[in-house]
Amino acid sequence: DVKVTQSSRYLVKRTGEKVFLECVQDMDHENMFWYRQDPGLGLRLIYFSYDVKMKEKGDIPEGYSVSREKKERFSLILESASTNQTSMYLCASSSRDRAAWGANVLTFGAGSRLTVL
Amino acid sequence: AQRVTQPEKLLSVFKGAPVELKCNYSYSGSPELFWYVQYSRQRLQLLLRHISRESIKGFTADLNKGETSFHLKKPFAQEEDSAMYYCALTAGYSTLTFGKGTMLLVSP
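Heads up: the protein sequence lines correspond to chains R and W, in order.
140 is the number that the numbering used here gives to position 95 of the first sequence; each next residue is one higher, with no gaps.
48 is the number that the numbering used here gives to position 17 of the second sequence; each next residue is one higher, with no gaps.
This is chain R alone, in the form it adopts within the complex:
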C-alpha cells in the first residue's frame, strides 16, 4: 500500500561527501516536493517539481539540487554535505487536480534521516 517510497531510511555521511536521496511515487502524481523537518522549525520546502525535468526552488534551496528525469522519481542531491544538513528529509507528491496546486493534498514518504559527521 506504500505510495511514496524513500530509498534510504537512515544515512550517515561525512562532511564533504555527495549525498543522493531518492524518492519514488506510484500514484502518477505530477507534483513532487522535498522538505526538511527539524524540531522547532517545522517543515521547510527545499525544492519542488511540477513536471518531468522541471524544478523550482523552495524556501531553503542553498546547498541542495534536485533531479526529475522520470515522472515517478524525484531525487535530492547534496553536492557537498555539511553538518548543518543533518536532518529528516521528507518527500511528498500531489496530483494536479486543482489549478491552485498548493491546495492539492500531499502524500508523504516515511522520511530519510541523514546524519552528517
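Careful, some of the hints might be misleading.
With a cut-off of at most 27 Å between alpha-carbon atoms, the simulated DSS-like pairs for lysine-lysine come out as follows [to be verified]: (1) 131/W - 48/R; (2) 115/R - 63/R; (3) 88/W - 131/W; (4) 96/W - 40/W; (5) 88/W - 40/W; (6) 98/R - 115/R; (7) 46/W - 104/W; (8) 96/W - 48/R; (9) 131/W - 102/R; (10) 96/W - 46/W; (11) 98/R - 63/R; (12) 131/W - 100/R.
Rather than coming from a laboratory, the hints here were simulated on the basis of the structure.
What you are looking at is a predicted structure, and each value in this text was computed from that prediction instead of being measured.
Following the hints, complete the assembly by docking chain W onto the known chain R.
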C-alpha cells in the same frame, strides 16, 4: 508573504479533556488552510482542510478570517490523539507553508 504561527510547541492534556491547538496565519487574501498530523513512527498525513468543513477523528477546525485563525479542536481528547500537528496554508498558486508544529500529549 504568507506565514503560519503555531504558538505552542507542546500541549499536554489529560484524557477526556478538551483540546485546542492554535493556528494563526498572515495573508491578506483568501487562503486555504489545512491540518496535517504525524503519529509516532508514522508518515505525515492530512487530517483535515477547511474547505471540506468535516470532522475527522472528532477534530474540527473553523476558519476565522477576522481573527486570521484556524484552531483545531476536539471536545474529549484520547490517548491515541498524541501526535505532532502541523497547520499549513496555501494562497493563490503558492506551495504549502507549514507552521512549526505543536506536539500534543494526551495522558491517561
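Outcome of the hint check:
no. : hint          : verdict
1   : 131/W - 48/R  : holds, 25 Å
2   : 115/R - 63/R  : holds, 21 Å
3   : 88/W - 131/W  : holds, 22 Å
4   : 96/W - 40/W   : holds, 23 Å
5   : 88/W - 40/W   : holds, 22 Å
6   : 98/R - 115/R  : holds, 8 Å
7   : 46/W - 104/W  : holds, 14 Å
8   : 96/W - 48/R   : violated, 35 Å
9   : 131/W - 102/R : holds, 20 Å
10  : 96/W - 46/W   : violated, 31 Å
11  : 98/R - 63/R   : holds, 21 Å
12  : 131/W - 100/R : holds, 25 Å
This entry does not satisfy hints 8, 10, going by the numbered hints stated previously.
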